[in-house]
Amino acid sequence: MIPRYQRIAFWVLAGAILLMAAFTIHARQRVHERIAQANDAMPYVAPVNAQTESVTLELANDADGSILSALRDVALPQEPSMRAKALLERLFAEYSQPDSMHPLRAGPKVDDVFLLKAPTAPASSDLDSAGMIAVVNLRSSFADTHPSGIEVETLTIQSIIGTLHANLPQITEVRFLVDGQQRETLAGHADLLRTYPAVDTSFQPTAPTENPPQ
Amino acid sequence: MNLSGSQTVRRLVLLLIAAWTCPAIGQSGLPYMNRNLVVLDPAHGGQDKGADLNGEPEKDVTLDLATDLRAALTARGFTVVSTREADLPASAPLLTNEQRAGTANHLRPAACLVIHATMQGNGVHLFTSALAAPVTAYDPSTPIPWEDAQSIYLLQSQRLVNSAGLALVHAKMPVLISRANLRPLDNMTCPAIALEVAPLTQEGKKTAVTDSGYIQHVADLLAGAIQSWRDAELPRPAPAGGVTP
Chain A
1 MIPRYQRIAF WVLAGAILLM AAFTIHARQR VHERIAQAND AMPYVAPVNA
51 QTESVTLELA NDADGSILSA LRDVALPQEP SMRAKALLER LFAEYSQPDS
101 MHPLRAGPKV DDVFLLKAPT APASSDLDSA GMIAVVNLRS SFADTHPSGI
151 EVETLTIQSI IGTLHANLPQ ITEVRFLVDG QQRETLAGHA DLLRTYPAVD
201 TSFQPTAPTE NPPQ
Chain B
1 MNLSGSQTVR RLVLLLIAAW TCPAIGQSGL PYMNRNLVVL DPAHGGQDKG
51 ADLNGEPEKD VTLDLATDLR AALTARGFTV VSTREADLPA SAPLLTNEQR
101 AGTANHLRPA ACLVIHATMQ GNGVHLFTSA LAAPVTAYDP STPIPWEDAQ
151 SIYLLQSQRL VNSAGLALVH AKMPVLISRA NLRPLDNMTC PAIALEVAPL
201 TQEGKKTAVT DSGYIQHVAD LLAGAIQSWR DAELPRPAPA GGVTP
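Protein chains in written order, with the working numbering: chain A, 1 to 214; chain B, 1 to 245.
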């Protein structure tokens with residue numbers, strides 16, 4: 001015969017276990033929702049001490065293969081590499097919107113942007129004015145889930161290059177890494193091994209003509 | 001200087017061998033191109049399946065298009081070489097982009113086509129290399145960097161893509177012409193374009209990119225475009241003996 005106090009202790013402990021399990025499941029759900037909200041890539045949250053300024057984003061359009069400039073008001077940090085990263089995060093936030101013309105899956109995409117002095121830049125020049133190489137370190141979670149195709153991948157690459165060029169004119173070249181490593185292509189097509197010149201990439205495809213190009 | 005008969009013959013033979021082995025300069029100032037040869041490069045293959053096109057791997061669609069294009073070009077009198085004729089076994093090493101470009105570059109073809117397929121967009125996407133055009137004219141004594149090999153053929157490639165685009169537009173096919181940095185396109189020393197076939201939406205009717213009739217139609221249009229481009233850019237050389245009255 002089990003004593004009464006042992007039966008009471010058993011049921012109290014069993015009840016405590018059930019309560020703890022329910023609490024754990026509830027807490028897990030709340031953390032999951034919080035992380036999902038953080039990954040939602042909604043517009044960049046302005047730092048308290050940053051000034052809002054107008055920046056140019058080179059926005060891609062899958063429907064007609066164009067890249068067109070658009071102005072947005074964004075608060076950006078002053079440090080150039082942080083500024084470059086914030087610009088790209090803002091650019092990708094546009095692509096994560098439901099009505100985007102170049103839809104990309106929401107979530108973090110850029111790990112870091114490193115700015116290095118270009119080998120051709122004068123040794124005495126400072127980083128703010130010298131020709132710089134921007135090394136854009138993308139996340140593999142972004143590259144692995146990027147839509148596959150020459151057109152769609154090229155638009156993403158050209159959009160990144162054009163946005164950096166428009167807002168950070170000291171950048172003369174752009175290179176790409178994925179998780180800190182070299183990778184042949186973004187999603188099977190666009191070349192990521194090449195050093196791209198930082199140029200104006202706004203582009204409107206032209207129709208074929210009866211007179212061949214001269 | 002007097003030369004004996006045997007010396008003269010020897011010099012003539014050497015001259016002929018030199019003329020045969022040295023790359024001839026074509027009408028456009030570029031190295032000799034075999035006007036009847038086209039190289040096709042169906043992208044991906046083996047372990048590299050490419051994009052997922054509604055359950056069918058991109059490597060199979062590119063191979064189907066290359067097969068149809070080969071038949072259409074052969075019917076028009078072209079010799080066609082493909083960088084892969086069938087799917088590579090899964091255990092086989094991947095066909096690298098350098099190997100694909102190397103195959104094309106060794107053969108000196110009149111045109112090279114890099115073939116891809118996608119689920120994004122509508123109709124056919126045509127690309128030339130996004131490399132910058134060279135600032136100086138082609139000089140045979142100056143080495144061409146591998147990374148930028150296509151740059152000296154950009155004008156011919158743009159004319160080829162224009163011709164292909166026109167053929168598709170005339171057939172009321174949605175076409176998008178753009179530029180891209182893509183391997184092995186950037187490394188090819190021939191007039192080269194990349195072709196990306198996307199699903200077709202026309203008059204409310206949707207055609208999958210895997211549809212064999214659609215692929216066949218695109219192949220026929222492109223083969224005709226390549227032939228008319230070739231006839232305009234690389235006309236048949238006049239017979240050596242001149243026109244017989």
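In case anyone wonders, no lab produced these hints; they're calculated from the structure.
A quick note: this is a predicted structure, and the numbers were derived from the prediction, not measured.
For each residue, glycine too, the CB sits at the ideal point set by N, CA and C.
Any given hint could be a false lead.
Said to hold, decoys possible - Below, a list of computed lysine to aspartate or glutamate pairs in the EDC-like style, where the Cα atoms sit at most 20 Å apart:
1) B:Lys172 - A:Glu210
2) B:Lys172 - A:Glu184
3) B:Lys49 - A:Asp64
4) B:Lys206 - A:Glu210
5) B:Lys49 - A:Asp62
6) B:Lys206 - A:Glu184
To be verified - Non-contacting residues of chain B with respect to chain A, defined by C-beta distances greater than 12 Å in every case (computed):
7) Leu195
8) Ala198
9) Leu200
Comparing the hints with the structure gives:
Simply put, B:Lys172 and A:Glu210 have alpha-carbon atoms about 15 Å apart, close enough for the 20 Å limit, and the pair holds. For the hint pairing B:Lys172 with A:Glu184, the CA-to-CA distance comes to about 35 Å; that exceeds 20 Å, so the pair is violated. For the proposed pair B:Lys49 and A:Asp64, the alpha carbon gap of about 27 Å is over 20 Å, so the pair is violated. For a cut-off of 20 Å, the pair hint linking B:Lys206 to A:Glu210 is broken: about 29 Å separates their Cα positions.
Proposed proximity of B:Lys49 and A:Asp62 is contradicted: the alpha carbons are some 23 Å apart, above 20 Å. Between B:Lys206 and A:Glu184, the direct Cα distance comes to roughly 33 Å. Violation of the 20 Å bound is thereby established for this hinted pair. At roughly 9 Å, the least C-beta separation between B:Leu195 and chain A is not larger than 12 Å, which violates its mark as non-interface. Not every CB of chain A is more than 12 Å from the CB of B:Ala198 (nearest about 7 Å), against its label as outside the interface.
Listed as outside the interface, B:Leu200 is consistent with that label: its C-beta sits roughly 14 Å from the nearest C-beta of chain A, beyond the 12 Å cut-off.
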